[in-house]
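Colleague: This is what each chain is made of:
4 protein chains.
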Amino acid sequence: MTTGYVYNEVFGWHDTGTNAGLFPADHRLGIQPFQHFENAETKRRLHELVVVSGLIDQLTPVRPRKATDEEILLVHTEEHLARIQAGSDHPKGGDSGDGLSPFGPGGIEIGRLAAGGVIALVEQVVDGAVDNGYALVRPPGHHAVPEHGMGFCMFANLAIAAKAVRRSRGVERIAIVDWDVHHGNGTQAAFYDDPDTLTISIHQDRVFPPDTGLVEERGTGAGEGYALNIPLPPGTGHGGYLAAMDRVIAPAIDRFQPDLVLVASGFDANAADPLARQGLTSSAYRTMTERLLEVAGQHAGGRLAMSHEGGYNPVYVPFCGLAVIEALAGVTEPLADPYEPIFGGMGQLELQPHQTALLDQVVPLLDAIGSGTRA
Amino acid sequence: MTTGYVYNEVFGWHDTGTNAGLFPADHRLGIQPFQHFENAETKRRLHELVVVSGLIDQLTPVRPRKATDEEILLVHTEEHLARIQAGSDHPKGGDSGDGLSPFGPGGIEIGRLAAGGVIALVEQVVDGAVDNGYALVRPPGHHAVPEHGMGFCMFANLAIAAKAVRRSRGVERIAIVDWDVHHGNGTQAAFYDDPDTLTISIHQDRVFPPDTGLVEERGTGAGEGYALNIPLPPGTGHGGYLAAMDRVIAPAIDRFQPDLVLVASGFDANAADPLARQGLTSSAYRTMTERLLEVAGQHAGGRLAMSHEGGYNPVYVPFCGLAVIEALAGVTEPLADPYEPIFGGMGQLELQPHQTALLDQVVPLLDAIGSGTRA
Amino acid sequence: MTTGYVYNEVFGWHDTGTNAGLFPADHRLGIQPFQHFENAETKRRLHELVVVSGLIDQLTPVRPRKATDEEILLVHTEEHLARIQAGSDHPKGGDSGDGLSPFGPGGIEIGRLAAGGVIALVEQVVDGAVDNGYALVRPPGHHAVPEHGMGFCMFANLAIAAKAVRRSRGVERIAIVDWDVHHGNGTQAAFYDDPDTLTISIHQDRVFPPDTGLVEERGTGAGEGYALNIPLPPGTGHGGYLAAMDRVIAPAIDRFQPDLVLVASGFDANAADPLARQGLTSSAYRTMTERLLEVAGQHAGGRLAMSHEGGYNPVYVPFCGLAVIEALAGVTEPLADPYEPIFGGMGQLELQPHQTALLDQVVPLLDAIGSGTRA
Amino acid sequence: MTTGYVYNEVFGWHDTGTNAGLFPADHRLGIQPFQHFENAETKRRLHELVVVSGLIDQLTPVRPRKATDEEILLVHTEEHLARIQAGSDHPKGGDSGDGLSPFGPGGIEIGRLAAGGVIALVEQVVDGAVDNGYALVRPPGHHAVPEHGMGFCMFANLAIAAKAVRRSRGVERIAIVDWDVHHGNGTQAAFYDDPDTLTISIHQDRVFPPDTGLVEERGTGAGEGYALNIPLPPGTGHGGYLAAMDRVIAPAIDRFQPDLVLVASGFDANAADPLARQGLTSSAYRTMTERLLEVAGQHAGGRLAMSHEGGYNPVYVPFCGLAVIEALAGVTEPLADPYEPIFGGMGQLELQPHQTALLDQVVPLLDAIGSGTRA
Ligand SMILES: [Zn+2]
Ligand SMILES: [Zn+2]
Ligand SMILES: [Zn+2]
Ligand SMILES: [Zn+2]
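Line by line, the protein sequences are chains D, S, E and R.
Quick note: the first sequence uses UniProt numbering, first residue 1, plus one each step.
Quick note: the second sequence uses UniProt numbering, first residue 1, plus one each step.
Quick note: the third sequence uses UniProt numbering, first residue 1, plus one each step.
Quick note: the fourth sequence uses UniProt numbering, first residue 1, plus one each step.
Keep in mind that the hints were calculated from the coordinates and are not lab data.
Treat the hints with care, since some could be wrong.
[Unchecked claim] Going by beta-carbon spacing under 8 Å, a handful of chain R positions derived as facing chain E:
hint, residue
1, Glu48
2, Pro233
3, Leu275
4, Val331
5, Thr332
6, Pro334
7, Tyr339
[Claimed, not checked] Under 7 Å between C-beta atoms, here's a sample of chain R residues computed to sit facing chain E:
hint, residue
8, Ala20
9, Arg28
10, Val52
11, Pro209
12, Pro234
13, Gly235
14, Gly279
15, Leu351
16, Ala357
17, Leu358
18, Gln361
19, Val362
All C-beta atoms in this analysis are idealised placements derived from N, C-alpha and C, irrespective of residue type, glycine included.
All chains, full assembly: derive it from the sequences and hints.
Modeller: So this is what it looks like as C-alpha cells:
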C-alpha cells in the first residue's frame, strides 16, 4: 500500500490571532485575549506524532502547490476570492466571512496551499502514483460555501479538489464522506444539484452551522437524493457511528459505485473535543477508515483521499489522526493510544435506541441513490 | 445579599507540569509535552473576569488560610497526608495518588490553602458574616477519598470544610450538591454512612471515576439513603439538568431540611468542556444557582457556600463561573455571555426521553430521605 | 511608611496580538506568529509575586480611574486621541503610531485606565494619603510623544500625571527620573522647554528610539539645562548605574529641589532582558530606589511615585519589581532573589573606565540646574 | 555546494518542564511555574523557517541516528551515562547534573539522537557525501563535561562526534570553534591535553560557567596552546566579533591546518538574547560563517560541520540560524532579516577600544599553535 502525505510547516503559520476561542478579545465584553480554537497546535502535533512515531517512513510525501485562481473559482465566486485577497493585503489581515474566521497578512497564500495540497494529493491518487493519501492542511475547508468562507474555513479545499480532478482527469463519479462533527455544508453546497457527486455528512445534530445538515436536505434537481445527512444526537459514541457506517455510509457508496472516494476528515467527533459532544476514540476512527478503504476497494480501485478538517483538542487529535493514517498505510503494528481507555471508558458510548431511531430515518433514503450510467 | 469570595493568586501556581492533558510526556509513547488539562487558566481567567466585569466590587473578600493537619485528618488518613508531604518535599514534586494528579515542590502548602480557603468561607457563611459565598480554589477536591487523592484532587476541600464547621460550629445537617460533571466520589466517601450529611452528585454517567456514581450507590448503614447519584447520559443539556433540579435535587434538600447547603461547583458539564460531553451554558448554571439559593433560603437561612472543582475550557468556564457568582450576589444586570448563542445552540439540549427515564429511576429514592430529629 | 499600589487585572487584557516580538506575523517575510515582546506576562507575574510573597499586605491599594480627554490632552494632541479612538473602535483594533504598538478593540479604555491609574497614585502621594507608591499599569507610556504613540506606548502616562497634579494640586517643581533602558523620549518631549520639570533619563546608548537620548539633548528655551540624558554603553552593570546615581542623578535632584519625584520604572536594564544589553539585578534596583527615596526625603517630603514602563523577561522582571516595591514600603526582610547569583555573576558588571568616561561628560551639565524661585 | 541538514521533530519533545527560566517553580521561593529558557521554540521555529523560506529545498537531509554507549563513552564516564539512564527511567525524569538541566521520562533517547545526529552529519561531511552541514539538534552539548552534564546540556554532542570520526575515519586534526555566547567548557575539557584538536571558544566574559573561559586557560601537557579562549566584554557587537575572527580565529585555524572544522553554533550572542549581553545580528553570523567556510576551504577541503547549541530568543534565533545555513549552502539571494535594523541599530556595536584590548591579550597566544606533523 502506498499512502501519500501532504504537510507543510506553513500550515501552522495560518494566523487566527488572539481570539478567545471564537470571538475577538474585547475587555468591554469580558473577553480576555487567548488563542482561537482553530490554532496550529492540533495539526502541528499530529504531524510531529506522524514523524516521531516513525509512521512518516511508511508514507510517500506529496508536495503541496498553490491552487490557482482558476481552480478556486471552480467552486467559489469572484467576489469571495476578491474578499480574501483584500483581507490578505490588509496590514491587520482579514476574515473569511463570518467574523469567526480570521487570517493574517498574506493569509490567502496559505489558503491556496491548503486547497492546492488537497488537489495535489487527489491528483496523485487518481493517477495511481499513490494508492490513497492524507492531506494534513490548514485552514480547513468544508464549511466554505461558494459565496463566502465561514466556520474557520477559507476555501472549500476538498470540493475544489474534486472539481479539479474531474476537469483535469475526467473523474466522473465521486463520493465524499464528511465525518467532521459539524455539517459539511460547504461541500454539500458545491454539489447540491449534481448526481455524479454523492455527499454524505455524518455529524452531530445542529452544532454548526446551527440550522443545516438535517435529514431533509437531500439535494436538488438532478442531484436530488445525492446529498445525505446523518445528524446524530449529542453524546453518540462508536456505537452510533459504526452503525451509521454499516447501515448508511457503506451501503450508500455501494449503490453509488464511485470512481473516487474523498473524505473530509475532521476529528472533532472525538470524546475530548471542546466544540462538540460526541464520543469517538482513535479505534473508532481506525475502524471507519478500514470500512471506507474496503468499500473504496470494491468500487473505486481503492482510490481514497482524505483532507484534514476540524478537531480542537491538541492532546487527542494527534492520536486519532495517527490511527487514520496508519489504517490508510496498512500499518499492522499501530502505536497504542494511551488515552483510549480514559476517553473511551465513558458510559453509554455503545449504540443507543435514540441513535438507532435517527438511522432508521436515513436508511430509506438510500433507495434514491443510483450508480449512474453504470446501472 | 452579602457574598463572600475566596481567591489567592497562588492557586494559579499549583504546578501540574508538562503533562499532555493527562499523562506525563514521553516520546516513546508518542506523548508530546504540553500542559495538563488541570492548569491555571480556567481559574485565573474566571478570577480576572470577576474583576474586569466589576463584579468584584459587589463581593466581600474572604481571606483563605492554610488548613491544619488536624482539619485535613478530619477526612484523610495519616498515610495520605504523609504521602503529599513527601511529594511536596521532593525536588521534582509528587502526585496526589493516581499518576494523573501531579504537583510541584511545596505543593502541599497550596493544597492546604485550597482546603483552608473553603473552610474559611464556610465558617463565615455559618457565622453569618456573609450570606453565601464562592471559594475559587485550586487544586480541586471532590475526587479525593480518605486514603488518597485522585482525578487532579489533593485534599477533599469541601468535605473537610463540612466536617470542620460541624466540629467548630456544631452545624448538624449539611446537604452537599456536586454538579461537577464527574462523580463526586470523594465527598460521597467521606459521608457514606452519615445520615446527617446528604450528598447529591449529578454527573455524566461513568466518566470519572469510570465505575462509580451509579444510581445504586445510596449510602450505607445509618447513612443509607443519604447518598444520591444522578448519572445523566452523555449529551444532556439544560433540559435534563433542570429537570433533575426540579424532580430530584430540590425535593431531596426539601425533605432533608439542612442547616447548610454546600456545592461542589465544577464547570465541566458546560457545552464546550473537553473532558465530558454535556451541554450546559452559563444560563443553566445561573438558573441552578437560583434554585439552590431558593431551597437554601427555605431551610438553611440561605446559608450556601460553593467550592470550585473542575472545568477545563479556559474560554468558557469564566462565563459560567461568573453567572454563578452573579446569581449568588443577586446581581440584577448580569454581563451578557457572548458564547451562549453558539454553545447553547446545539440540537437536542432540551429534555430527552432517555434522560427522563434516568430521572424516573432516581425519584423514588427520595422517599428514604428524612429530616432527622426535626421530623 | 505607607506605600500605594495600583493594579487592575484588565491591564493584562491589553491585546498586543500575535506579533512575533515586534512585527506582525507574515509568512511571506518569514515571520511566524508568536507573541509580542510587550505582552501581559511580565506585569501579571510581577503582580502575582507581590501577592504570593505577602508584600501586598504591606501596601495600600489605590484604585485606578480612567483618564479623561481633558487630562490626556494636557500632553497629547487632539489628533492623537482621535487616532487611538478610531483604532479602538475598529473590529481589528489599531496601533498607537509606529506599527509596532498594536492594541485591540476597546483598547483606548485600558489606555485611559493606565494613565488614570498613574494620576490617581500621584494625587494620593501629593495629598499625603500615602507616602509613596507604585503604579503597575499597562500599556506603558514613556515613549509616547504629544503627537503619537510609539515603542509599545499609547499615552504618556507619567507626563500626564505630572501635568494633572500640577494643574489640580498646584505642584510646582517635579523631577522625573526614567530608568527604563530605553530613552524616555516622550516624557522629555512633554517638558522640554519647562524649567520647573527636571527630566533625567538613564538608558543604554541609542537603543530606542534609535537616535535620541544623546548627552547633547538638554532642553530648550527656558527649559535649557532641565533635560538630562545618560546614555550608558551596552554591557553596563550595577557599577555604572550606581555611579550614575551618585554622580549625576542624586546631585541633579539635590540641586533642583523638587516638590515631587516621579520615576518611569522600566525593568529592561536587567541582566536578562531581551531588548537591551545592560546587566542590573534586583539588588541594583533596590539600591537605586533607596537612593531616590533618600533624596526625595530631603527635598520633596518623601513624595515619590513610580509608573511601570518596559521590561520583557517574564521570569526576572517580577523579582526586580518586587525589590523596588519592597524598598518603597520599607520592607526589612525582603524575599531572596534566586536569580541574582546567576544573572549578576557575569564578568565586568562593576564600573568600567568607558562608563566613567560617559559620566564625565554628563557631570558638568549639572551646573545649569537651579532650584527655581527657591534659590 | 551540498549542505547536509539534520533535524527531527523529536528534538522539540525534549521536556525541560515548567521551570521558570532556570529554576524549578516553587511558590515558597516566589518562583511561579513557567517554561525553561531552553525550551523547544527557538529550535522548532528555526526549522520551520528553514522550511517556509524554501531553504530546505537546497539542503540534503541527513538522518540522525542514536549514539551508542560506546560512542558516548568516548567522552563521558560510565557514571554519567548511568545517571542519565536512571533519570530517564524515573517517572518524573531526571537532571543532567546541575539542577538546571531537567529532562523527561525517556529523555536519554533524545539525547542519544542529538549526539548521534551530529555524528551522522560529521561522518557525511568527512566522507564527502555532503560538503558541509548543520545539525539542528536538541538538547545542546557544549557544556557537558566528561563527568556530568550542565548548562542545559546532556551529552557533549560535538566532542563525541569529533572523537567518533577520528576513530571511525581516522580524521587527525580537528579545529572546533565555539561561538555560543557561553564558554564551551565541555568541548574544551574533552580535548584539553590533545594537540591534535584545537578548541577556540569566543564568548562573553564569565557568564556561564561563571568562572571558566579565561584567556589563561590554554590547554595542558601536550595540548598546551591548543585551547584558546576569547572572553569578550559584555556589550560587544559585530565589531568585536569580526575583529576576533580576523585577528584570532581565522589565523589560529590557518596555523593549525585542520582536516576538519567543527562549529558549536549557539545563537545567544545575538542582540536580543535574554541570557547574555552581546549584540550580534544575522548579518554578523552570516559573515562569520563565510569566514569559516573560507578558512575550511583552504585547509580542510571545505569540510565544515556545525552543531546547534544555545540561543534563547524564539523570535530572533530563527533569522540568525537561517543566515548561517544559507551561508553554508551558498544561497545567493538570502531572505531579508526584518529585525536586523532594529536589533543591530544599537549604539556602540562597532569595535570598541576595550574590546581591542582583550584581543591584544589573545593574539600572542597564536604563536604556540603548530600544524602538527605537517609542519
Ligand atoms: Zn468541525
Ligand atoms: Zn470534573
Ligand atoms: Zn524600555
Ligand atoms: Zn549558550
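Colleague: Determine for every hint whether it applies to the structure shown.
Modeller: Results of checking the hints against the structure:
Evaluation of the glutamate 48 of chain R hint against chain E yields a held restraint, the C-beta minimum of about 6 Å falling below 8 Å. Because the beta carbon of proline 233 of chain R sits about 5 Å from the nearest beta carbon in chain E, less than 8 Å, this interface hint is met. Given hint, leucine 275 of chain R at the interface with chain E, holds; its Cβ is 7 Å from that chain's nearest Cβ, closer than 8 Å. Checking valine 331 of chain R against chain E: minimum C-beta separation of about 13 Å lies over 8 Å; hint violated.
For threonine 332 of chain R, the shortest C-beta to C-beta distance to chain E is roughly 17 Å, which exceeds 8 Å, and the interface hint is violated. Here the hint on proline 334 of chain R is broken, as its CB sits about 10 Å from the closest CB of chain E, past 8 Å. Nearest Cβ of chain E to the Cβ of tyrosine 339 of chain R: about 7 Å, under the 8 Å cut. The hint holds. Checking alanine 20 of chain R against chain E: minimum C-beta separation of about 5 Å stays under 7 Å; hint holds.
Interface hint at arginine 28 of chain R: violated, since its Cβ lies 9 Å from the closest Cβ of chain E, which is beyond the 7 Å cut-off. Nearest Cβ of chain E to the Cβ of valine 52 of chain R: about 6 Å, under the 7 Å cut. The hint holds. Among the interface hints, the one on proline 209 of chain R is violated; its C-beta lies about 10 Å from the nearest C-beta in chain E, farther than the 7 Å criterion. The criterion of a C-beta within 7 Å of any C-beta in chain E is met by proline 234 of chain R, whose closest approach is roughly 3 Å, and the hint holds.
For glycine 235 of chain R, the shortest C-beta to C-beta distance to chain E is roughly 2 Å, which falls under 7 Å, so the interface hint holds. Checking glycine 279 of chain R against chain E: minimum C-beta separation of about 6 Å stays under 7 Å; hint holds. This hint is violated: leucine 351 of chain R has a C-beta 13 Å from the nearest C-beta of chain E, more than the 7 Å allowed. With a least beta-carbon distance of about 10 Å to chain E, the hint placing alanine 357 of chain R at the interface is violated under the 7 Å criterion.
Restraint check, leucine 358 of chain R versus chain E: the minimum CB separation of about 10 Å is more than 7 Å; hint violated. The criterion of a C-beta within 7 Å of any C-beta in chain E is not met by glutamine 361 of chain R, whose closest approach is roughly 14 Å, and the hint is violated. Interface restraint check: valine 362 of chain R against chain E, minimum CB-CB distance 15 Å, threshold 7 Å, status violated.
Of the hints listed earlier, those the structure fails to meet are numbers 4, 5, 6, 9, 11, 15, 16, 17, 18 and 19, in rising order.
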